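S.K.: Protein chains in written order, with the working numbering: chain A, 973 to 1365; chain B, 973 to 1365; chain C, 12 to 158; chain D, 12 to 158.
Worth flagging that the hints you see were computed from the coordinates, not collected in a lab. Please note: incorrect hints may appear among the correct ones.
Over the 10 Å line for every Cβ pair with chain B, so calculated as not near, a few chain A residues [said to hold, decoys possible]:
1) ASP1023
2) HIS1063
3) GLN1079
4) HIS1096
5) GLU1102
6) ASN1111
7) PRO1193
8) ASP1284
9) ILE1338
10) GLN1350
Okay, the calculated beta carbon distance ranges per label pair [to be verified]:
11) C:PRO107 x B:VAL1286: 40 to 46 Å
12) A:LYS974 x D:TYR135: 51 to 57 Å
13) B:THR1330 x C:PRO107: 45 to 51 Å
14) A:PRO1259 x D:ASN132: 41 to 47 Å
15) C:LYS16 x B:ASP1240: 46 to 52 Å
16) C:GLU81 x A:LYS1032: 56 to 62 Å
With a straight-line Cα cutoff of 25 Å, these simulated BS3-like cross-link-like pairs (lysine-lysine) come out [claimed, not checked]:
17) C:LYS43 x B:LYS1359
18) A:LYS1359 x D:LYS43
19) A:LYS1190 x B:LYS1186
20) B:LYS1015 x A:LYS987
21) B:LYS974 x A:LYS1015
22) B:LYS1357 x C:LYS16
23) B:LYS1058 x B:LYS974
24) A:LYS1083 x B:LYS1060
25) C:LYS16 x A:LYS1015
26) A:LYS987 x A:LYS1190
27) A:LYS1068 x D:LYS84
28) B:LYS1083 x A:LYS1083
29) D:LYS43 x A:LYS974
30) A:LYS1068 x A:LYS1058
31) A:LYS1083 x B:LYS1202
32) D:LYS131 x A:LYS1357
Remember, predicted model here, so these are calculated numbers, not experimental data. Glycine included, each C-beta is placed from N, C-alpha and C at the ideal position.
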Amino acid sequence: MKVYLDYAATTPVKKEVLEEMLPYFNQHYGNPSSIHSFGRESKKVIDLARDRIAKTLAAKSDEIFFTGGGSEADNWAIKGVAYALKSKGNHIITSKIEHHAVLHTCQQLEKEGFEITYLDVDHHGLINLEDLRRAIRNNTILITIMYANNEIGTVQPIKAIADIAKENSILLHTDAVQAYGSFKINPEILGIDLLSISAHKIYGPKGVGALYIKKGTKIHPLLHGGAQEKRRRAGTENLPGIVGFGKAAEIAYNNIEEHTEKLINYRDQLINKLMGKIPYTRLNGHPTKRLPGNVNISFEFIEGESLLLSLDMVGIAGSSGSACTSGSLDPSHVLMGIGLSHEIAHGSLRLSLGDLTTQEEIDYVIQHLPPIVERLRQMSPLYEKVKGEAKSV
Amino acid sequence: MKVYLDYAATTPVKKEVLEEMLPYFNQHYGNPSSIHSFGRESKKVIDLARDRIAKTLAAKSDEIFFTGGGSEADNWAIKGVAYALKSKGNHIITSKIEHHAVLHTCQQLEKEGFEITYLDVDHHGLINLEDLRRAIRNNTILITIMYANNEIGTVQPIKAIADIAKENSILLHTDAVQAYGSFKINPEILGIDLLSISAHKIYGPKGVGALYIKKGTKIHPLLHGGAQEKRRRAGTENLPGIVGFGKAAEIAYNNIEEHTEKLINYRDQLINKLMGKIPYTRLNGHPTKRLPGNVNISFEFIEGESLLLSLDMVGIAGSSGSACTSGSLDPSHVLMGIGLSHEIAHGSLRLSLGDLTTQEEIDYVIQHLPPIVERLRQMSPLYEKVKGEAKSV
Amino acid sequence: MYSDKVMDHFMNPRNVGEIENPDAVGQVGNPKCGDIMKMYLRIENDVITDVKFKTFGCGSAIATSSMATEIIKGKTIKEALRLTNSAVADALDGLPPVKMHCSVLAEQAVKSAIYDYATKNDLYFEELEGFDPNEEHDHHDHGDDHC
Amino acid sequence: MYSDKVMDHFMNPRNVGEIENPDAVGQVGNPKCGDIMKMYLRIENDVITDVKFKTFGCGSAIATSSMATEIIKGKTIKEALRLTNSAVADALDGLPPVKMHCSVLAEQAVKSAIYDYATKNDLYFEELEGFDPNEEHDHHDHGDDHC
Ligand SMILES: Cc1ncc(COP(=O)(O)O)c(C=O)c1O
Ligand SMILES: Cc1ncc(COP(=O)(O)O)c(C=O)c1O
Chain A
973 MKVYLDYAAT TPVKKEVLEE MLPYFNQHYG NPSSIHSFGR ESKKVIDLAR DRIAKTLAAK
1033 SDEIFFTGGG SEADNWAIKG VAYALKSKGN HIITSKIEHH AVLHTCQQLE KEGFEITYLD
1093 VDHHGLINLE DLRRAIRNNT ILITIMYANN EIGTVQPIKA IADIAKENSI LLHTDAVQAY
1153 GSFKINPEIL GIDLLSISAH KIYGPKGVGA LYIKKGTKIH PLLHGGAQEK RRRAGTENLP
1213 GIVGFGKAAE IAYNNIEEHT EKLINYRDQL INKLMGKIPY TRLNGHPTKR LPGNVNISFE
1273 FIEGESLLLS LDMVGIAGSS GSACTSGSLD PSHVLMGIGL SHEIAHGSLR LSLGDLTTQE
1333 EIDYVIQHLP PIVERLRQMS PLYEKVKGEA KSV
Chain B
973 MKVYLDYAAT TPVKKEVLEE MLPYFNQHYG NPSSIHSFGR ESKKVIDLAR DRIAKTLAAK
1033 SDEIFFTGGG SEADNWAIKG VAYALKSKGN HIITSKIEHH AVLHTCQQLE KEGFEITYLD
1093 VDHHGLINLE DLRRAIRNNT ILITIMYANN EIGTVQPIKA IADIAKENSI LLHTDAVQAY
1153 GSFKINPEIL GIDLLSISAH KIYGPKGVGA LYIKKGTKIH PLLHGGAQEK RRRAGTENLP
1213 GIVGFGKAAE IAYNNIEEHT EKLINYRDQL INKLMGKIPY TRLNGHPTKR LPGNVNISFE
1273 FIEGESLLLS LDMVGIAGSS GSACTSGSLD PSHVLMGIGL SHEIAHGSLR LSLGDLTTQE
1333 EIDYVIQHLP PIVERLRQMS PLYEKVKGEA KSV
Chain C
12 MYSDKVMDHF MNPRNVGEIE NPDAVGQVGN PKCGDIMKMY LRIENDVITD VKFKTFGCGS
72 AIATSSMATE IIKGKTIKEA LRLTNSAVAD ALDGLPPVKM HCSVLAEQAV KSAIYDYATK
132 NDLYFEELEG FDPNEEHDHH DHGDDHC
Chain D
12 MYSDKVMDHF MNPRNVGEIE NPDAVGQVGN PKCGDIMKMY LRIENDVITD VKFKTFGCGS
72 AIATSSMATE IIKGKTIKEA LRLTNSAVAD ALDGLPPVKM HCSVLAEQAV KSAIYDYATK
132 NDLYFEELEG FDPNEEHDHH DHGDDHC
């Protein structure tokens, strides 16, 4: 049995989405900038996709700008605002548990002379609103806090963050790559100025994303060149990709309640049953303020990569916050950010559920995971000690 | 009849290419960064695509970096080198007829304090090597000259340019987006340090490109974030797009001689017959040092958009250097760059041929274009005068 | 991009051509900008009994010329002078924003021809107050691409 | 990513466990880095007659531990001290570059156990000259992602 539980890493393209994309590879393939019929047709479908995505965000179509993915949207939002407002100030506030597309962009800006405050998070992964208030200076030009975290699923109090940003007339960007498709998001009402999304997290294709830019927001382009995207993002549009993104967004928001309800049910089954069956575990992230599809559990005494490999051998695909998965020795900055010790962070597992997840798959994981954890623990010199202590009680 | 002659704008994805891409949308869709079997499979096919593209350039696989398109590759090459070498110097040399992805990037760098020399070109669109030598200063850090021009097709003497760059220890970037697939390019032998290519110009998908970076070249990332592309270009890889690019590249170079020979034949038929049949015309670009598929002719007394629209009505899709196609009033900087007057530049037509072009299509154009030109001329107050003069002779 | 009406007037322009010994001729635009409109009028008893045009320009330049001639044909000079660019655009079911300048040009072409008529015949029309047939119009911002 | 041999030694590790009253025990690594290897030796007449290990770590940490124990089992101490990390990696048909540190750890674990034996029995092995069982090894550069 193959059980894919890594939907937070990426999702398969849904059948209806792929079907809608197909004609745009080799039937209607015109360059949207061309004035002939081939080009006009392409322009029309890009506008349609833009409308569809705008609708899911209750935004205007001309506030949606397509990019080559979520990372590009994050880079653009942050650098674009930083450069546009640098005469106003050079201070940016973010959090310690942002995606690397945000963190590394901020670090790059630091090298260029910007000042960045990286807010701490509590053990659930939530930023502290008082910390945020205190971090604001008169040269603060941007707050960038993710909507929901990709590793531990924690959902930030974005409305309260936006209110603080508004009170201080500071622009707010949020990386909603994980949240989009799981929550109804209305940036206008929430008070979000810029918001990043990515198609491949919502059953659309890889390599296409978008940045919502509230009308009137000052931002420089990141990619210079042609006049595409109202001269704000150069490059021939990824036509089928954009078509697929539009369709995927429409589907995601057509049955969002149903979809999230199902996910929450599966998620909570996994959390409760795994933690019930396996001792020495810890749920990472917030118990309720979390992504509907996110399970993140640390298993003490074992290391994440060996856990992932063992799961892979029985067909289960998950992900880990262990640095070992990347050849680096430090575990995930997110798990460290919520205060885990190195060894516990190393033994964490993320299972992320999606639209194609079934009860059978959940049962399969509940059946196969505990013996795998036990087997690895039996090999672990750290577990030995605990058993020894237990024995000696 | 539908006759697509805008292959320089974009190409349809070839059947074999699309077929190779399809499984990677919803069967093998793992994130290449994931360690489970889904992810490992994806990583493998990305490496295969990288190998295939490397092979076409006689390069090493680890010199190929995937991007979201040709524009991103151009932005990255130029900004990446500029920022990496800014302690060495702040002067960049380019030409006046580069693609906007190069020109606007250079203009952006100018705003940031870099100095740019925009070399003139002659009436064929060729830069002058003496001009290039003279433009070099001791703070010159980069020369960026396109391999072949997208509008007029002129192919630059890239080897000679590279020799000059080498003599002066200056890095050379070339935008080979149009040349790739039409010429055998060996950057190592030619002496090119960075080279941009794009899939959708060679029957691959839109939204994926690559930058060749010669081993050891100093360059900063443009997109910060995840560790993809050896930490040099962040963002979840466009898996099917990259697969398609690899396949398209392989196909393009498998039968390149055959393919270019056919194009040159069609190209020269069009040029000779159209110019033979229609008076008051001018071939733009170099008569022989030109892209195999590029025809660019100015028709005096008429304007490009109305010509394109009229062609579109009989099913022929072409492109124009007239600003009217874009709502701007200035004609293409390339046509102005080769010294055309505004009115002549406005009346130019680019027909770009491709692998699917047939003799029947060529004949169709030769039949339908002359009466359209004549019809528009009959409406033109500029033509009136000429006829008057002719009469009065 | 263009409405069906625009395409119709572009492909089948009304009143193309010249009038021999016209009562008035006006020309506006500039080859640099890619638009020149020339308008010929036959005027009898203050009524435009015939009108022809020649245009060098894009599709909407030709369509707006055609539409403008159609609107003013049979009208009095006074009526023709009341033609606005938006009336021309509306009659064509609208124009893309970047093409609105073509409708301005069409309005100017009509005015310019009537100006010629007024000059030749020493007439005064208050609607032409401040109108300068040689005035250059604002350039739009430029910069676009070829793909 | 991993060779079949690595996967085999990971899924079916040889010599996992503990030895009761071992003649030598060595432990290297650090939970911070995500790798700890503990090795138990039974030594009779300078020959390693039994070896067991416990490892907290990634797949290649477990596989290299397993392979190292297999290689040294039945060998003399002198022979075991000649074990190099690349010999372990080679025996596994190679390791990904980012995982080579695991093979280093396996080599260190063997040395560390023999060091323990030498200390307890007051023996001198020139191969252990300069070896410090508590030395921390270089960290690799970090920073990677979750997708
Ligand atoms: C929270 C978050 N931000 C940004 C990204 C980057 O998006 P993309 O993979 O489309 O570049 C991801 C996923 O990779 C993510 O989970
Ligand atoms: C010469 C040249 N450079 C760069 C580009 C940009 O490539 P892309 O459309 O993939 O962004 C193009 C085509 O659009 C081109 O013709």
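S.K.: Give a verdict on every hint.
M.R.: Verification of the supplied hints:
1. ASP1023: 20 Å, holds
2. HIS1063: 19 Å, holds
3. GLN1079: 8 Å, violated
4. HIS1096: 25 Å, holds
5. GLU1102: A:GLU1102 is indeed farther than 10 Å from all Cβ atoms of chain B, at 29 Å.
6. ASN1111: With a cut-off of 10 Å, A:ASN1111 remains clear of chain B, as the shortest Cβ separation is near 21 Å.
7. PRO1193: Given that some Cβ of chain B is not farther than 10 Å from that of A:PRO1193, nearest at about 8 Å, it is violated.
8. ASP1284: A:ASP1284 not clear of chain B: closest Cβ-Cβ about 5 Å, inside 10 Å.
9. ILE1338: 18 Å, holds
10. GLN1350: 22 Å, holds
11. C:PRO107 x B:VAL1286: 40 to 46 Å: About 22 Å separates the Cβ atoms of C:PRO107 and B:VAL1286, which means 40 to 46 Å is violated.
12. A:LYS974 x D:TYR135: 51 to 57 Å: Check passed, 56 Å falls within 51 to 57 Å.
13. B:THR1330 x C:PRO107: 45 to 51 Å: 34 Å, violated
14. A:PRO1259 x D:ASN132: 41 to 47 Å: 55 Å, violated
15. C:LYS16 x B:ASP1240: 46 to 52 Å: 41 Å, violated
16. C:GLU81 x A:LYS1032: 56 to 62 Å: Given a distance of about 37 Å, which is not inside 56 to 62 Å, the answer is violated.
17. C:LYS43 x B:LYS1359: 21 Å, holds
18. A:LYS1359 x D:LYS43: 21 Å, holds
19. A:LYS1190 x B:LYS1186: 37 Å, violated
20. B:LYS1015 x A:LYS987: Answer holds: B:LYS1015 to A:LYS987 is near 23 Å, not above 25 Å.
21. B:LYS974 x A:LYS1015: 19 Å, holds
22. B:LYS1357 x C:LYS16: With a Cα-Cα distance of about 30 Å, the restraint between B:LYS1357 and C:LYS16 is violated, given a limit of 25 Å.
23. B:LYS1058 x B:LYS974: 50 Å, violated
24. A:LYS1083 x B:LYS1060: Holds: A:LYS1083 and B:LYS1060 sit about 18 Å apart, inside 25 Å.
25. C:LYS16 x A:LYS1015: Holds. C:LYS16 to A:LYS1015 sits at ~20 Å (cutoff 25 Å).
26. A:LYS987 x A:LYS1190: Distance of about 38 Å is beyond 25 Å: violated.
27. A:LYS1068 x D:LYS84: Distance ~47 Å between A:LYS1068 and D:LYS84 Cα, so the pair is violated.
28. B:LYS1083 x A:LYS1083: Holds, at about 19 Å.
29. D:LYS43 x A:LYS974: 32 Å, violated
30. A:LYS1068 x A:LYS1058: 23 Å, holds
31. A:LYS1083 x B:LYS1202: Holds: A:LYS1083 and B:LYS1202 sit about 21 Å apart, inside 25 Å.
32. D:LYS131 x A:LYS1357: Given that 25 Å is the threshold and the Cα spacing comes to 23 Å, the pair holds.
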